[in-house]
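Engineer: What follows is the residue order along each chain.
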Amino acid sequence: MRFRPLRALSERPLRLPRLRPYVPQPSDPPIFWFDSERKDIVREVVQRVTQRHTADRRRMELVLNETALAEIRRLESQRDAESRERLPQWRGLARRIARLSDVEKRDAVRDIVTRYAEDVAGNFDPRVYGFSKQAVPKLLAGVMAPSRLPEELIGETLIGELLRVEGDIEHLRRLQDRGTLVYVPTHSSNLDSVVIGRAFEQVGLSPVVYGAGKNLFTNPFLSFFMHNLGAYRVDRRVTASVYKEVLKTFSQVMIERGYHSLFFPGGTRSRSNLIESHLKLGLAGSAVSAFANNRVHGVDRNVYFVPATINYELVLEGETLVEDWLKEEGKARYIIEDDEFSKLDRWIAFFRKIVGLQAACIIRFGRPIDCFGNEVDDEGHSTTPSGRSIDPGTYVERRGKPVNDFARDAAYTRELSDVIVDRYREETVLMATSLVAHVLFRRLVRETPGLDLFARLRVRGEIAMPREELIAEVGALRDRLVHLQTQRVVRVNDAIATLDPRVIVERALAVWNGYHTRVAAKELEATVTAEDPTLLLYYQNRLVPFATRVVTNAADEAAAAEIARIGGRR
Amino acid sequence: MSDARQDALPIGVVGGGAFGRGIAKAAARTGHDVYLWSRGARELGDPRIRVTSRFADVGEAELIFLAVPSNAIATIGRELGGHLDGSHLLVHVSRGLVGPELTPISRLLRDSTPSRRVGALAGPLVAEALIEGTPSGVIVGTNFPEVGEAVREAIAGPQLRLYVTPDIVGVEVASAMVGLLALAAGHAQASGVGPAALATFLTRGIAEATRVAASLGAEPDTFVGLAGVGDLLAVMAGDERPEERLGRALAEGATLERAVEIVGANIEGVSLARRVADFGARERIAVPICNAIADVIDGMPAQEALRALMTRGST
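Each protein sequence line maps, in turn, to chains E and A.
Note that the first sequence covers residues 34 to 603 in the numbering used here.
Note that the second sequence covers residues 4 to 318 in the numbering used here.
Incorrect hints may appear among the rest.
Said to hold, decoys possible - The list that follows gives simulated cross-link-like pairs (lysine to any residue, SDA-like), each with its CA atoms no further than 20 Å apart:
hint	chain 1	residue 1	chain 2	residue 2
1	E	LYS434	A	GLY267
2	E	LYS555	E	ARG513
3	E	LYS434	A	GLU260
4	E	LYS434	A	PRO13
5	E	LYS434	A	LEU259
6	E	LYS434	A	LEU12
7	E	LYS434	A	GLY140
As the list claims (entries may be wrong) - A few chain A residues facing chain E, derived, Cβ under 7 Å:
hint	residue
8	PHE58
9	HIS86
10	SER90
11	PRO117
12	GLY136
13	ASN146
14	GLU152
15	ARG155
16	ALA159
Calculated from the structure, these hints are not laboratory results.
We treat Cβ as the ideally placed atom computed from N, Cα and C, and that holds for glycine.
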């Protein structure tokens, strides 16, 4: 079952009619002002980007030629309604560029930038926001457990049980009134933007602005909400550099104006389920530049980055994602349009599988940091390693004055990336499926010395562990992880921290089996067999950075060392 | 003093050893006032150089050079860091890598101070050349172009050519590994190792250093620049650097303690060799030359170490 017939409809913004514009109240979150500022924001983005590209004729010709070429290539391969409409226009422009006067070139650049900016800029409708707050949990509950719908209509017990939000929320609530929050979570699933939006609501944090891939808008249900909840559209098929500049500038202007924002710095869902270690920080860089530009203009508004991890017991699209990671050609297949996310029956199967689990999804907010990786205290002040408060504005000063410097901001962003990656590891919450998968996969590696990863993935159903041994090893692993949690190395789902390891194993096997089309591990006559090493690899990958630190048995040391090398050294 | 430097900010230098004094002299020569921090404060007789034992004075400068041993960086960083904020630019000249993970000094500086705009100065530069102002070249590794510009403005001139690369880790690892190879070269020459064997040893040493650096995130190309091959060529051209002298003293039969005493300087390579060897074993990086150097420092006769290198399995 697919949503495809509705795709054309869903790609166009559906908006509710309005007779009178909404007048934001002082207590409303910043995003409630978006509709009244939208025109201004788009104008400012267009003006900044156009100015950068129209300084001289050579620059104008370069951007026009480059953009036309990139768009013609994209549309020729797309072969859809958009290409029928736009391709002749781009081809016409490409032919005319050399003959255009300077004024016409400037106008052409401005037209392109305006079209991109309008396409990117989202919308925020407080009515949709209000409705989604009430309705989304109930709709999800209805899908997950129809029998519990009546009680859900009264309360929100089911979603509350499934989704746990952790971290120093009170600190974030204080900071959101003192500066602009930029959330930078890990990215495993297209469900992420839905669950994190729900998490904000659940703990009373302001809604945020975030960029969502245009492919997400192919799901009409999500599309309607995204179009009206402050999501801006990111079309990954558009490769023209001026388009990327529009995106970054849009984000920068929003942050300068105090809109709390969210980026997924991994760029795309983690195909391997490894904790992200190589971040794409173009949009995060826009936050650093926003802070600097505000300081240059005398605006003292701090920007706080909030690393966060989104941890699932079961990943909706896990099976497709890991296949994509393993396929060589998968590297080029950036946008997957036919994964589980686009299939309604998979959604229903997924939710029915996780219903009844305590904390099947945990969103954990890490300690906030400023744009330069410094800790931030309760009052929002940046602090040095020794705990002294310092002015973050000094980081953008030269000779005592704040200045804009793109190269400097890019360097700060790279350094910030290292801090965020460290935080991802510390704040990752390991679930039962990761623990059980790790023990089984480690045994597979131990029993297949000399094989490479791909050869091991073909060893299906051959490696088994006595159930009692698996339970004992899972228990030892859990205890070791709980110990590491006290050292702030990584975290374990509270729901399994003191649970009988026997129940942890049962929980993992029950979650996997019946949802994924393949069986990850099968229990038969007191033994558990590693049926599908690929799925086990996927779920255990979350543990890779800690593999050598959780070994409690000398016989597993070599296997753990091999597992630690998956994904390369950071 | 050029017009551009009329409003030059003061320069800070931490470390009163030969290198620290050399940088202070070079900066004073280009028209800057200098705060030179030294534990044993002793005036240098240059009116532009003010020797101080207070980190607060050094904090007056925007650009601060650190010329202290790597094992002192964390402590000094914490003390100095109390007087710094985000506006300071820090540049170190250490040839060390810290701890079993071979942590670059720039990382320690970022962890122990509020400064983020950090750089590493390296290349075929010895303290005497800085003090006397004889022609030389250096390279600054930094992610921040403005750090390179500030160093250029502070010490570069007709006698000192300066290059900048964004590969700060590459510069730091190359500088440290050349220090190690310089020690080995001094030892080998004093032990009578011939030119061909020495050339083979050093060339393979550079290849080994490149592998180690790549595993730490550095660019291999950095090793064919001033921080790597350029620096090593200066050693072989006889710049009489302390590492090479220490290697010679060891080859001539001095104990390690006595050799360090003869040289009168902290030699990072002494403790680095074994750590690189262990790191290689842990990360599965072939580092036979570092192993040999570590064995020799631990007392193995050079000829025996060389024989072990020459007869090991082919690669």
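Engineer: When the structure is checked against the list of hints, which entries are broken? Sort them ascending.
Structural biologist: Hints 1, 2, 3, 5, 7, 8, 9, 12, 14, 15, 16 contradicted; others consistent.
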